[in-house]
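Visitor: These protein sequence lines are chains A and B, in that order. The numbers in the first sequence follow this note's numbering, run straight up by one, and end at 224. The numbers in the second sequence follow this note's numbering, run straight up by one, and end at 574.
Accuracy of the hints is not assured; some may be wrong.
Covered stretches of chain A (in silico footprint by chain B; criterion: 3 or more residues with CB under 8 Å from a CB of chain B, positions within the stretch not fixed) [what the hints assert, rightly or not]: (1) 41-54; (2) 135-141; (3) 188-196; (4) 205-213.
Derived, one-sided and incomplete: chain B residues facing chain A with beta-carbon distance under 10 Å [to be verified]: (5) Val-261; (6) Gly-319; (7) Pro-421.
One side only, chain B facing chain A, incomplete, derived with CB under 10 Å [said to hold, decoys possible]: (8) Ile-424; (9) Arg-461; (10) Gly-495.
I should point out that these hints are in silico values taken from the structure, not numbers from a laboratory. Each residue gets a CB set at the ideal place from its N, CA and C atoms; glycine is no exception.
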Amino acid sequence: MSHVLLAIDTATSAVTAAVHDGTRVLASESVPDARRHAETLTPTIDSVMAHAGLSPRDLDAVAVGVGPGPFTGLRVGIVTATTLGLALGIPVHAVCSLDAIAHEIASRGEHGEFLVATDARRKEVYWARYTVRAGGVARLGDPAVSTPAALDPAVRALPTAGRGPLLYPADFGVVVPVTDVDAGALAGLVVHRLEHGGELLPPTPLYLRQPDAQPSAAQKSVLS
Amino acid sequence: MATDGPLVLGIESSCDETGVSFVRGTTLLADAVASSVQEHARFGGVVPEVASRAHLEAMIPTIERACADAGSRLSDVDAVAVTSGPGLAGALMVGVAAAKAVAWALGKPLYGVNHLCAHVCADVLDHGPLPEPTVALLVSGGHTNLLLVRDIADDVQSLGATVDDAAGEAFDKVARLLGLPYPGGPSIDQAAAQGDPRAIAFPRGLTARKDLERHRFDFSFSGLKTAVVRWVQERERAGEPIPVADVAASFNEAVADVLTRKAIDACREHGIHDLQIGGGVTANSRLRELAEQRCADAGISLRVPRVRLCTDNGAMVAALGAQIVARGHAPSSFALPADSSMPVELVQAR
Ligand SMILES: Nc1ncnc2c1ncn2[C@@H]1O[C@H](COP(=O)(O)OP(=O)(O)O)[C@@H](O)[C@H]1O
Ligand SMILES: [Mg+2]
């Protein structure tokens, strides 16, 4: 029985959407635009659905990456997923976005340990360590945020995917050429976890940082 | 229950309120609001990232509450309206993305509307279609605008605006100076009730003859705020107690005086006999009182919605959406951006 899944992610520089029928990716599209997630996401969803020849009512579930990633873009993907779920009466499955990058690397037949490090802005990266094992890829610990230099040198020396090694080449090992989340890979990961078990999260952001409680204008001196 | 016209869903997320409403024509069917105002209180002002996080958390429960209150399902919706600007960019994006998702999922048209025009339009839910043309005074935490509205869905012209602080912002800042709790508007309103509005002659911004040429319909509240600060500091330096109620009443009087004076001047200048007031500061009792009195004296009929419709909500967004739908305007595209500085003349974004 085919199970049609729409996957989206906005945790990295790409706005990405894909449709998966439970066996394979039917259509997938990524728009490399880090600053216009709110504008780009729905048109991208509309486009992959049109390519797959499907309408919204054909969907059985939504999958979304919940970061970590820059907050503003991240929220766009998550609220789109949860609202689609509500409007269509279908479940929303969430995964860590870095896991989707790792899944793509593992499905290329890579072996051993590697690192995923994405752009967290402010000279920091969101990162997590992975190892490829029989039957899939496993994350070693929770995702974290820090400056590249703050990572253990042995960890930084691992082959590294994501924009981290492109932004901070001196700090990381060999570049693994998967820079952003691809929704097709994210869909594949969710299908795999639905079938074989594995961590599915509630659709809430992995912020990893407290909000910047920048006092707004009103908190500066009343004379300002 | 209204059965005429399309059922419009309205979504608002421009500042610190997540609002979701259902409107049919000029009838309000449900109005759910979640506010993060308490989370901002200790910062003395809205913290954008805190507001954005709260919008994301509140969006689904608020939509569900609006559906329950209206006795409708999302699939009953005929059109979706959303605030596309102006406001806090990250906050706006949450509402815009949610509205797109509903419209796309259900195959319904999407309308990105102007938050300021929506404030003006809110009153159709209380008092029916706007008398057009009308002058509109919009006073809130982020905005102070004087508008000439010939057609709320098509033709809104800016007559003037604040050149510095918004009126609500001035209330919030002066309240903090006086040690009154945030948000400052209600605190000052309350404190002022026990004070003498003529105790201190605070300045009326941009009312001097030299200002009337270029800034006849503009506002300035930063000089007023500074005057209050100076006055309080002088008292403190002299070791005298601060008569909080008198300061609050005199400050409030200065704001209400300028707002109403300029609004009525705009009506006279344009030969218009209707004044519409909206925005959070409209809750101010002295502003309401003075507006009523001065409009009555000038032969102008005044329209002010109930307080609940003056602050940010999804109802006003749905109400403006319904007006735009009724005119048969083309919907906005799914590429609709969140426009933090959307000009007030742009009623609908494409
Ligand atoms: N009774 C009142 N008197 C004066 N100002 C008030 C009163 N009640 C609320 N306000 C002010 O209204 C503002 C909030 O209005 P709102 O329309 O929600 O603003 P915005 O959308 O710009 O945040 C705050 O600045 C608050 O202090
Ligand atoms: Mg407002």
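Visitor: Would you mind marking each hint as holding or not holding in the structure?
Guide: Cross-check of the supplied hints:
no. : hint    : result
1   : 41-54   : holds (count 5)
2   : 135-141 : violated (count 0)
3   : 188-196 : violated (count 0)
4   : 205-213 : holds (count 5)
5   : Val-261 : violated, 13 Å
6   : Gly-319 : holds, 8 Å
7   : Pro-421 : violated, 21 Å
8   : Ile-424 : violated, 17 Å
9   : Arg-461 : violated, 15 Å
10  : Gly-495 : violated, 38 Å
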